[in-house]
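K.L.:
One letter stands for each residue in the lines below.
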Amino acid sequence: MRLESALDLQNRVFAQVFDFQPLPVASDRNVTGRESLVDPTVFEIDPAIARARKNDRQQTTEEIALGVSEGAGGDDVRLAVLVQDRDKMRSAMIDEIVELARGEADVIYIGPQEASGFWTLERIDPILIGASIFPLTRPGAGTLGCFCRDAAGGGDGILSNNHVLADVNVTPIGGRVTQPGGFDGGAASADDIAELTRFVPIIFDGPPNLVDAAFATLIDHGRAIDMHGLFNDARPPALQKTIVPGPGVPAARGLNVHKTGRKTCFTSGRVLATNVDNYWVKFKNERRGRFDDQITIETVNQSTPFSRTGDSGSLIVDDEGNPVALLFAGSPSGGAGDVGVTGASPIGNVLSQLGIVLI
Amino acid sequence: MAKPHSIVEARRIQKAFEERFAGEEGILGIGIRNNAAEDDLALSVSVTTREQAAKLPADFEGLEVVVDVVGEFRAD
Numbered sequence: 001m002r003l004e005s006a007l008d009l010q011n012r013v014f015a016q017v018f019d020f021q022p023l024p025v026a027s028d029r030n031v032t033g034r035e036s037l038v039d040p041t042v043f044e045i046d047p048a049i050a051r052a053r054k055n056d057r058q059q060t061t062e063e064i065a066l067g068v069s070e071g072a073g074g075d076d077v078r079l080a081v082l083v084q085d086r087d088k089m090r091s092a093m094i095d096e097i098v099e100l101a102r103g104e105a106d107v108i109y110i111g112p113q114e115a116s117g118f119w120t121l122e123r124i125d126p127i128l129i130g131a132s133i134f135p136l137t138r139p140g141a142g143t144l145g146c147f148c149r150d151a152a153g154g155g156d157g158i159l160s161n162n163h164v165l166a167d168v169n170v171t172p173i174g175g176r177v178t179q180p181g182g183f184d185g186g187a188a189s190a191d192d193i194a195e196l197t198r199f200v201p202i203i204f205d206g207p208p209n210l211v212d213a214a215f216a217t218l219i220d221h222g223r224a225i226d227m228h229g230l231f232n233d234a235r236p237p238a239l240q241k242t243i244v245p246g247p248g249v250p251a252a253r254g255l256n257v258h259k260t261g262r263k264t265c266f267t268s269g270r271v272l273a274t275n276v277d278n279y280w281v282k283f284k285n286e287r288r289g290r291f292d293d294q295i296t297i298e299t300v301n302q303s304t305p306f307s308r309t310g311d312s313g314s315l316i317v318d319d320e321g322n323p324v325a326l327l328f329a330g331s332p333s334g335g336a337g338d339v340g341v342t343g344a345s346p347i348g349n350v351l352s353q354l355g356i357v358l359i
Numbered sequence: 001m002a003k004p005h006s007i008v009e010a011r012r013i014q015k016a017f018e019e020r021f022a023g024e025e026g027i028l029g030i031g032i033r034n035n036a037a038e039d040d041l042a043l044s045v046s047v048t049t050r051e052q053a054a055k056l057p058a059d060f061e062g063l064e065v066v067v068d069v070v071g072e073f074r075a076d
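Chains as they are written, first to last, in this note's numbering: chain A, 1 to 359; chain B, 1 to 76.
One or more hints might be untrue.
Claimed, not checked - The calculated lysine-lysine pairs, modelled on DSBU-like cross-linking and capped at a C-alpha distance of 30 Å, are:
#	chain 1	residue 1	chain 2	residue 2
1	B	Lys15	A	Lys282
2	B	Lys3	B	Lys15
3	B	Lys3	B	Lys55
4	B	Lys55	B	Lys15
5	A	Lys282	B	Lys3
Said to hold, decoys possible - Computed footprint of chain B on chain A, listed as stretches where at least three residues anywhere in the stretch have a Cβ under 8 Å from a Cβ of chain B:
#	segment
6	75-86
7	176-190
8	268-281
What the hints assert, rightly or not - Only part of the chain A face toward chain B is listed, based on derived beta-carbon distances under 7 Å:
#	residue
9	Gly254
10	Lys284
11	Gln353
In short, the hints are calculated from the structure, not lab data. Built from N, CA and C at the ideal position, the CB exists for glycine as well.
Whenever a hint applies, use it, and build me the whole structure from the sequences.
P.N.:
See the structure below:
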């Protein structure tokens with residue numbers, strides 16, 4: 001069948017087999033213009049009542065997802081029926097779906113899907129690049145980018161964004177930073193790891209910014225540190241890249257890049273554009289700042305984005321581990337797979353503006 | 001095929017594009033990327049909406065314009 005027919009078929013299954021109902025107000029994220037059909041119990045405010053209202057059929061719908069899989073060739077596609085419970089692979093509901101699809105369906109067991117419980121959100125020892133950090137200004141969370149040394153003769157510390165370590169120009173110099181950040185349960189004193197040393201102010205009504213960056217000096221925190229590893233989300237985390245200390249390399253269009261961040265952990269992407277000027281970014285309180293000389297990155301895995309909110313501050317490296325840029329912004333759509341475009345500042349500008357070296 | 005643009009030429013065209021379009025509502029970023037055929041440079045323009053994208057030219061001073069509808073860029 002054609003893609004359009006498969007998408008229509010998805011909605012017919014939701015309506016006729018799952019008994020889903022249209023959302024009263026269409027989401028502006030539904031760029032396809034298709035109606036969104038949902039389980040009607042989602043409109044129940046009390047989750048306990050919602051669960052009690054679900055019958056067996058509705059419970060089963062939570063274990064079956066619908067997608068589109070490749071067909072015989074060309075533009076041909078099939079309905080993908082993705083099942084989390086092996087016992088539901090042979091059930092009346094699956095039979096109904098396959099019948100509606102007139103046999104043009106692939107029933108695939110995908111196993112239980114669990115929300116990510118990445119180590120990046122937790123208090124960790126040793127402290128790893130990608131871990132959750134934030135100052136005590138409020139319960140927030142961003143990413144520890146990498147370890148650096150103050151070129152002005154200060155101590156070793158951590159690199160991240162101004163909007164993480166300085167909470168957009170407001171953390172006082174000397175203000176404590178916790179790992180994890182307060183949003184992830186970090187507590188003052190017990191989880192303190194660094195003190196804000198300096199930041200490049202973000203200017204909202206003036207000349208364009210070049211970086212969103214800040215540096216905090218490590219204090220005596222009693223934990224070990226892994227200074228150079230970029231790890232994935234496995235437990236224990238598995239090493240994916242080793243950072244090469246130094247000045248880094250310029251971003252080239254098409255360059256393969258990688259990062260480990262608090263939200264999406266280890267991901268890979270490709271430099272989409274360089275020399276990006278007039279790059280407008282919205283910060284907390286909806287204030288917009290202009291940045292020049294940035295780079296943008298798109299995912300290489302079209303089903304998952306290179307970054308999401310919470311990855312801010314991640315160091316971006318190339319295949320060899322050379323530092324390339326500091327991640328600080330992203331969009332919910334655009335780029336490969338339409339899963340979002342990431343914005344980052346070239347690492348050379350970051351290091352020179354902050355007066356630090358990567359160790 | 002025409003000779004590919006150098007980065008210097010592309011930067012000059014980018015600046016001209018910025019002067020012409022950067023002040024318009026919904027333009028979120030203007031950079032330089034590879035074109036779809038990977039045989040020349042192109043302008044990379046990020047915009048908020050499809051409507052904004054439709055107002056932009058497909059080509060500017062001989063350089064392809066590739067528009068991406070991104071919604072908005074956030075730092076949080």
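K.L.:
Each hint: holds or not?
P.N.:
Outcome of the hint check:
1. B:Lys15 <-> A:Lys282: 23 Å, holds
2. B:Lys3 <-> B:Lys15: 21 Å, holds
3. B:Lys3 <-> B:Lys55: Distance ~28 Å between Lys3 of chain B and Lys55 of chain B Cα, so the pair holds.
4. B:Lys55 <-> B:Lys15: Distance ~19 Å between Lys55 of chain B and Lys15 of chain B Cα, so the pair holds.
5. A:Lys282 <-> B:Lys3: Not OK: Lys282 of chain A and Lys3 of chain B at ~39 Å, beyond 30 Å, violated.
6. 75-86: That given contact is violated, which follows from only 0 residues of the segment 75-86 of chain A lying within Cβ reach (below 8 Å) of chain B.
7. 176-190: Violated: only 0 residues of the segment 176-190 of chain A have a Cβ under 8 Å from chain B.
8. 268-281: That given contact holds, which follows from 10 residues of the segment 268-281 of chain A lying within Cβ reach (below 8 Å) of chain B.
9. Gly254: 6 Å, holds
10. Lys284: 6 Å, holds
11. Gln353: 16 Å, violated
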